[in-house]
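**Q** Residues per chain are reported as follows:
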Amino acid sequence: MARILVALLMLMLGANNAFAGSKSSALQIKGSDTMVNLGQAWAEKYMEEHPDAFIAVTGGGSGTGMASLISGTCNIAMSSRNIKQKEVDQDKARGHTPVEVKVALDGIAVVVSPKNPVAKLTVDQLAGIFSGKITNWKQLGGPDAKIVVLSREVNSGTHVYFKEHVLRKNDPKSKEEFAPGALMLSSSQAIADEVSGNPAAIGYYGMGYISPKQKAVAVARDEQSEYIEPTIDNVVKNLYPISRPLYFYVNDECQGLTKKFIDFALSPEGQAIVKETDFVPIK
Amino acid sequence: MLRKIKEFIIEKLILLCGLASIIFVALIFIFLLKEGLSVFKFVRIGEFLTGRSWYPISEPAQLGILPLILGSLWVTFGAAIISVPIGVGCAVYIAEIAPGRTKEVLKGGIELLAAIPSVVLGFIGMVTLVPLVKNVFHLSTGLTGLSGSIILAFMAMPTIVSIAEDALYAVPKSYKEGAFALGATHWQTIWRVLLPAASSGIVAAVMLGIGRVIGETMAVMMITGNSAVIPRGLLEPLRTLTATIAAEMGEAVVGSEHYFALFAIGIILFIISFAVNVTADLFLHKNK
Chain A
703 MARILVALLM LMLGANNAFA GSKSSALQIK GSDTMVNLGQ AWAEKYMEEH
753 PDAFIAVTGG GSGTGMASLI SGTCNIAMSS RNIKQKEVDQ DKARGHTPVE
803 VKVALDGIAV VVSPKNPVAK LTVDQLAGIF SGKITNWKQL GGPDAKIVVL
853 SREVNSGTHV YFKEHVLRKN DPKSKEEFAP GALMLSSSQA IADEVSGNPA
903 AIGYYGMGYI SPKQKAVAVA RDEQSEYIEP TIDNVVKNLY PISRPLYFYV
953 NDECQGLTKK FIDFALSPEG QAIVKETDFV PIK
Chain B
8 MLRKIKEFII EKLILLCGLA SIIFVALIFI FLLKEGLSVF KFVRIGEFLT
58 GRSWYPISEP AQLGILPLIL GSLWVTFGAA IISVPIGVGC AVYIAEIAPG
108 RTKEVLKGGI ELLAAIPSVV LGFIGMVTLV PLVKNVFHLS TGLTGLSGSI
158 ILAFMAMPTI VSIAEDALYA VPKSYKEGAF ALGATHWQTI WRVLLPAASS
208 GIVAAVMLGI GRVIGETMAV MMITGNSAVI PRGLLEPLRT LTATIAAEMG
258 EAVVGSEHYF ALFAIGIILF IISFAVNVTA DLFLHKNK
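So the sequence lines, in the order shown, correspond to chains A and B.
Counting in our numbering, the first sequence runs from 703 upward without gaps.
Counting in our numbering, the second sequence runs from 8 upward without gaps.
The set of hints was computed from the structure by calculation and includes no laboratory data.
Even glycine gets a Cβ: it sits at the ideal position worked out from N, Cα and C.
Mixed in with the good hints, there may be bad ones.
[Claimed, not checked] Distance condition first, Cα-Cα at most 16 Å in a straight line; then the derived EDC-like pairs of lysine to aspartate or glutamate:
id, chain 1, residue 1, chain 2, residue 2
1, A, K786, A, E866
2, A, K877, B, E66
3, A, K871, A, D924
4, A, K962, A, D754
5, A, K786, B, E66
6, A, K871, A, D826
7, B, K141, A, D895
8, B, K114, B, E103
9, A, K917, A, E931
10, A, K875, B, E66
11, A, K794, A, E928
12, A, K817, A, D895
13, A, K961, A, D826
14, A, K786, A, E802
15, A, K788, B, E264
16, B, K114, B, D173
17, A, K788, B, D173
18, A, K962, A, D826
[Said to hold, decoys possible] Distance ranges between label pairs, derived from CB positions:
id, chain 1, residue 1, chain 2, residue 2, range
19, B, I131, A, Y929, 38 to 48 Å
20, B, Q69, A, E750, 46 to 56 Å
21, A, K817, B, V134, 12 to 22 Å
22, B, G58, A, E925, 54 to 64 Å
23, A, S876, B, R51, 23 to 33 Å
24, A, P819, B, K114, 52 to 62 Å
25, B, E18, A, K962, 54 to 64 Å
26, B, E118, A, Q957, 51 to 61 Å
27, A, G843, B, P138, 20 to 30 Å
28, A, K817, B, G115, 40 to 50 Å
29, A, G797, B, G115, 54 to 64 Å
30, A, K962, B, P138, 45 to 55 Å
[Said to hold, decoys possible] Calculated from the model, a selection of chain B residues having no Cβ within reach of chain A, i.e. all distances over 10 Å:
id, residue
31, K19
32, S28
33, F31
34, R51
35, I88
36, T109
37, L113
38, I123
39, L289
The task is simple: from the sequences and hints, build the whole structure.
**A** Here you go:
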């Protein structure tokens, strides 16, 4: 009996030690689903060059990442939106100051099925479609079919960005909302799947997800402007109207592995990976 | 002496284990109430239950869960319509008609159905069922309440079949023998004697199946489309209570009205499944 107890105690202590050990050399990165692939690519390359480092990257949405950063369960939060004042206050209440690092740019592609003849839309038209004022493809020069609006869930930074910058056109007083009938899908991949199988669907996601099974629509700021395709060049030149910065958030001035990893992400090598994963480098 | 002490310790340990589950339930319920009721500082209970718009992250947030409640009820209703006749039929076949070997295969198959994780069912539904529903009913999208109901019916079936089957076995053999002695056919015996005799157990089976359905999250989240509109039927996208909590809890800022509202939804779900389980329990005990 006593021997079992001792063994159990040893086991618990051992586990404790192992945990403490992993904590010092491991980096937890969490947040935006849009950025998971990018974060993973950075982490893999970094670990290849520094075999002693261990970096874990998980998704869940920008809000999830922020919540983890505040509660101290991750070292870096990836976010495709700016931190909210509420979150800054919460972090401060726990004795930390969140620090923002811009690590890449992303264009948000609006996608339809390749079978859909509609190939270009203005920001106004997009706002109309996603807020439910335009309901038939006929109104946009397409076939007579009801528009199936696909959106991400509210835990997605892309959802928040799209609402603020497309539906509300950067106007903080605007009360526009996604149409109540918009389908809320839980991942960018789900949107890609639904769009490729449904000629009446329209959705949005980070440029990195574009594949031949979906057609990215060219977007114009207004009727007079040129229609711009969502390509890396157009985002770098700031021509494409729906693009946004991607951020890392850390608690206080970072040091050690966290700092080394962020420096790596911002280095020319790290920014080359940005381009490989279909995002847009900041430099 | 030593033996007595040992006995005493073991007895108390087991008592503790027994109490643990009750304590946990109580703690969970207290926590749920504490967090959930805080939402009513921001919104009146009537508005919360009957509001038609769910925009939790807007300023000011609109927290009306009527579309979500109706979404859950519609999906559950659809699943019950599908799973109850099939489930009860299956139980009757297994308990009364199937020959030995078929019976074993069927029972094994149903246990296997219960073992499939819901995310797998949801995924299968997403790739196979959703396009099928879209094409069969000529809809603009297959992500509808009906797709959710069908998948949930699969999940409710094992519960319904196994409990209904037990209820049928529990009918005293003399009932059946009496019916046969009076010249009733096998079908007449099943329909007029066995099913009425086992009815309370079958109702309990159905209620427990429904309880399973109403709490299910992952599969419905993947295939019902999750749009928070008041559904007018099963051929439309809808959003359930469970999917709302699962999809939004990650984003909700701790201590915000959104966060409290999600816990309040938890209370509603708790009340619904508690009511369903109590009903099932009443029927089960009536049986004994």
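**Q** For every hint, state whether the structure bears it out.
**A** Tested hints:
1. A:K786 / A:E866: 13 Å, holds
2. A:K877 / B:E66: 8 Å, holds
3. A:K871 / A:D924: 12 Å, holds
4. A:K962 / A:D754: Within the cut-off at roughly 13 Å; holds.
5. A:K786 / B:E66: 13 Å, holds
6. A:K871 / A:D826: 9 Å, holds
7. B:K141 / A:D895: Roughly 14 Å separates the two Cα atoms, so the pair holds.
8. B:K114 / B:E103: OK: K114 of chain B and E103 of chain B at ~13 Å, within 16 Å.
9. A:K917 / A:E931: Holds: K917 of chain A and E931 of chain A sit about 11 Å apart, inside 16 Å.
10. A:K875 / B:E66: Cα-Cα ~10 Å, so holds.
11. A:K794 / A:E928: Between K794 of chain A and E928 of chain A the Cα gap is close to 45 Å, so the pair fails against 16 Å, i.e. violated.
12. A:K817 / A:D895: Given pair K817 of chain A, D895 of chain A holds - Cα atoms ~14 Å apart, limit 16 Å.
13. A:K961 / A:D826: 42 Å, violated
14. A:K786 / A:E802: 12 Å, holds
15. A:K788 / B:E264: Holds. K788 of chain A to E264 of chain B sits at ~12 Å (cutoff 16 Å).
16. B:K114 / B:D173: 12 Å, holds
17. A:K788 / B:D173: With Cα atoms ~55 Å apart, K788 of chain A and D173 of chain B exceed 16 Å; violated.
18. A:K962 / A:D826: 43 Å, violated
19. B:I131 / A:Y929: 38 to 48 Å: With a Cβ separation near 40 Å, I131 of chain B and Y929 of chain A satisfy 38 to 48 Å, so the hint holds.
20. B:Q69 / A:E750: 46 to 56 Å: 48 Å, holds
21. A:K817 / B:V134: 12 to 22 Å: 19 Å, holds
22. B:G58 / A:E925: 54 to 64 Å: 37 Å, violated
23. A:S876 / B:R51: 23 to 33 Å: About 26 Å separates the Cβ atoms of S876 of chain A and R51 of chain B, which means 23 to 33 Å holds.
24. A:P819 / B:K114: 52 to 62 Å: At 54 Å between Cβs, range holds.
25. B:E18 / A:K962: 54 to 64 Å: Holds - the Cβ-Cβ distance for E18 of chain B and K962 of chain A, about 58 Å, lies within 54 to 64 Å.
26. B:E118 / A:Q957: 51 to 61 Å: 55 Å Cβ-Cβ, so the 51 to 61 Å window holds.
27. A:G843 / B:P138: 20 to 30 Å: 27 Å, holds
28. A:K817 / B:G115: 40 to 50 Å: 44 Å, holds
29. A:G797 / B:G115: 54 to 64 Å: Holds, since G797 of chain A and G115 of chain B (Cβ atoms, about 57 Å apart) stay within the stated range.
30. A:K962 / B:P138: 45 to 55 Å: For K962 of chain A and P138 of chain B the Cβ distance comes to about 48 Å; the hint holds.
31. K19: Given that every Cβ of chain A is farther than 10 Å from that of K19 of chain B, nearest at about 16 Å, it holds.
32. S28: 23 Å, holds
33. F31: 22 Å, holds
34. R51: 21 Å, holds
35. I88: Correct as stated: the minimum Cβ-Cβ distance to chain A is 24 Å, above 10 Å.
36. T109: 38 Å, holds
37. L113: 34 Å, holds
38. I123: The claim holds: I123 of chain B sits with its nearest Cβ about 20 Å from chain A, beyond 10 Å.
39. L289: Its Cβ never comes within 10 Å of chain A, the nearest being 37 Å, so this holds.
Hints 11, 13, 17, 18 and 22 from the list above are not met by this structure, while the remaining hints are.
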